[in-house]
Amino acid sequence: MAKPIVRLAGIHKSFAGVRALQDVSVTLEEGTVHCLVGENGCGKSTLIKIIAGVYPRDSGTVEIGGTLYERLHPIDSIREGIQVIYQDFSLFPNLTVSENIALNEQLAAGRKFVNWAHVRRVAQEAISQLEVHLPLDARVDEMSVANKQLIAIAKALRQNARLIIMDEPTSALTEREIRTLFTVIGKLQRRGIAFLFVSHKLNEVLEISQSILVMRNGQVVSAGPAGEYDTARLIYEMTGQRIAENAYEFTPDPGQPALLRVRRLAVPGVLQEVSFALQAHEIVGVTGLLGSGRTELALALFGMLPMTAGEIEIDGKPAQIRSVQDAIAHGIGYVPEDRLTEGLFLEQSIGRNVVVRTIERLRGRLGLTDPLQVQQQIRDWVASLRIKTANPDLPVKTLSGGNQQRVVVAKWLASRPHLMILNGPTVGVDIGSKNELHELIKRLAREGMGLLVISDDIPELLQTCNRILLMRNGTIVEEILPRQTNENALAAKLIED
Amino acid sequence: MGQSTKRPVWSLAGDSQPLRLLAITLLIFVGFSLVLGDKFFSIRNLQSMAVQFPEFGILAFAIMITMLTGGIDLSIVGTANLSAIAAALLLTRLSGEGGAGLALELSIPLAMVAALAVASACGLLNGLLVARAGITPILATLGTSSLYTGLSYVITGGPAITTTQLAFIGNGAVAGVPIPVIVFVVLAVVFAVLLNRTSFGFNVYMLGTNLRAALFSGIDDVKVLMRAYWLAGVIAGIAGIIFLARVNSAKPEYGSSFILLTVLIAILGGIRYTGGFGTVAGLLLSVLTIQFLSTGLNMLMLELSGSSAAIFFRQFAWGGLLLAVMVVNDYVERRRQRAT
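For the protein sequence lines, the chains are U and F, in the order given. Just so we're aligned: 408 in the working numbering is position 408 of the first sequence, and the numbers increase by one with no gaps anywhere. Just so we're aligned: 147 in the working numbering is position 147 of the second sequence, and the numbers increase by one with no gaps anywhere.
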């Protein structure tokens, strides 16, 4: 049996009377990859913060590296070799790779002058432990997300990490980058380093981990070796119910002109010769690696990225899309890739986020905005999309990921678009909400909307789309029908060169 | 934790700043009234304060609208003076001694239109620089501020242009209320309607909160920013006319301390300098607070030192207060972040 690094027993934790953790007992052993799964709000992040010493517990015992801690401070946790890599990686974007990895300890040692040769050597050592190649002198903001993550791991290793906790480590990575990450993790694991993964991607959870912890409503409801679980059981444990998704069936209507027809669209350097059509009632998936042009295609159709060649037809009529305003005038809505910076006004209220597209129309006497109509519209959308909130006047940032995404969708639905482009519609959304968003997408298509779903979540594409377009190097290389493929075949195609 | 359902009442209210500010305003008023007695709390003093605050109070709206978009307009005093000079020039040339002899009934509206036209042009240039050229507002308007003030010097050659033809506005009153106060109140009402009941106002708040999300939501950023800076220019023009009416002269360097003062008013009034948040109510209370402080401190210093050197203390006080308010706001905000 491997030696335990962290042993928690009977942990309770409440915030202002709301119970976040209830009688949680967890043991994390060295050289093991543990996965922590659960829906948003189930207590995962609270548990991590207790291990990291950020939150004090209300009761229970915390034992780390064989020492019982009465009060665990963040510094104790770091000294015991516990490193948390958050989604933002906490790196300095304007410093180089080697500076990010090695400068910390130079500062900690209280040196007034930096020994650059030493910094480079230390950084090189840390990177070679990962057996990857990273340019030591490149600035971190020039690196891809995947490389930033590797830098963060290298930095953690320099601080003698024994347990590395990673929050949603694969959510911004492409398939190939995930492979690299998993290889690195495998190597470190063999050297005795333990990992705790928090992830929503259940396939990956099952693939990488040896031990699984499922949380629901602040309790660990299920724990055991990964071999005892499959996706269906994980979903069942997480939600307490069985969820089955059915593929979307679409029967083309030959009499109708295409809702959207794109011919030989080009944007220099990112897109060339992109041609496809989309009917009303259709859900068309667009997939490809990062850099394949999938997001750029969405931006071009939404008027954010001006096209230099090609034609767009909407409802059989030629359309010029040169600005976002043009796209909106043609009935196109876009749910962007990055919900937090592009989709939402985080500090503003849920209600304001919902009506931002339609405020101009909600006018009463004297052409002034009518507060009653505004309130009514907000209430209608919160109810019809089942956005879970006590009060729509609260800032939208108080909502969970799934509910936030519903607000972005509501914002567009309120303006009644004919065509919706959704880029990564369920990234960072928990499994129950994900399912509901998929049902919503299908409902909209049934009601007559055309939808373009950009995603690299293969099960999502197979379950929601009636057609999938595969992009590579800025163009569409293949059209795939979900019923003629499966998850493994599609995944293989995605990373093929 | 974000998902806790119970939260303190004050965070539900979303914006508690106006209430807090109301308490501070009343406290300062009552405090000075107690300490200084009827020197401060008298009809005469109230009247004298009422003719002082509209000048910078009106300018504060120009700072407010640009600050809500996430920017700032440092050229408002330059714009106000240039507009005042345009009006004064027209008045003296058309109806002054040795002028063209035009009737005042005609020359006064003409002068006002000229002032507002100049102010519009100043505002539009700021808008172009910020919205089209994409220059950081603080630098763009620092540049135009110098440009407009410089232009004023070129036009006047330095000395003030004197005209008393607008004094009836500066000293006049309707039903006992000074005309500048009426202008200020009307502007406040217009602003409250503009910000709360029009899509332009709504878009200003959204754009100031997150420019990228605004673009992705189809808000035309260039249009909104152009309008905001144009509006700031026009308000500065109105302030310019009030300057001219109050002091009976227009000169390039009048009211240079108003820039810092109006920024202080905006920040104290709860307008977030990163954009997106702030109310007219907060601004009104802040204008009153600053006027009470200004008069009260002056009287207090005079009482204590017996000299008029008190005036020099004011600048120090404004700077200190601005920094203190920002530190306190930052602290309150951080505590709130931690609590939620």
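Any given hint could turn out to be false.
[What the hints assert, rightly or not] A few chain F residues facing chain U, derived, Cβ under 10 Å:
1) 29
2) 30
3) 33
4) 214
5) 220
6) 272
Hints listed in this document are in silico derivations from the structure and should not be mistaken for laboratory results. In this text, all values refer to a predicted model and were calculated from it rather than measured experimentally. Cβ atoms here follow ideal geometry from the backbone N, Cα and C, with glycine treated the same way.
Tested hints:
At a threshold of 10 Å, the smallest CB-CB gap from residue 29 (chain F) to chain U is about 31 Å, leaving the interface hint violated. Interface hint status for residue 30 (chain F): violated, as the beta-carbon distance to the closest one in chain U is roughly 33 Å, over 10 Å. Of the supplied interface hints, the one on residue 33 (chain F) is violated, with its beta-carbon coming no nearer than about 37 Å to a beta-carbon of chain U, more than 10 Å. With a cut of 10 Å, the hint placing residue 214 (chain F) at the interface with chain U holds, because the nearest CB-to-CB distance is about 8 Å.
With 10 Å as the threshold, the beta carbon of residue 220 (chain F) comes within range of chain U, its nearest partner Cβ sitting at about 6 Å, so the hint holds. Restraint check, residue 272 (chain F) versus chain U: the minimum CB separation of about 9 Å is within 10 Å; hint holds.
Checked against the numbered hints listed earlier, the structure breaks hints 1, 2 and 3; every other hint is satisfied.
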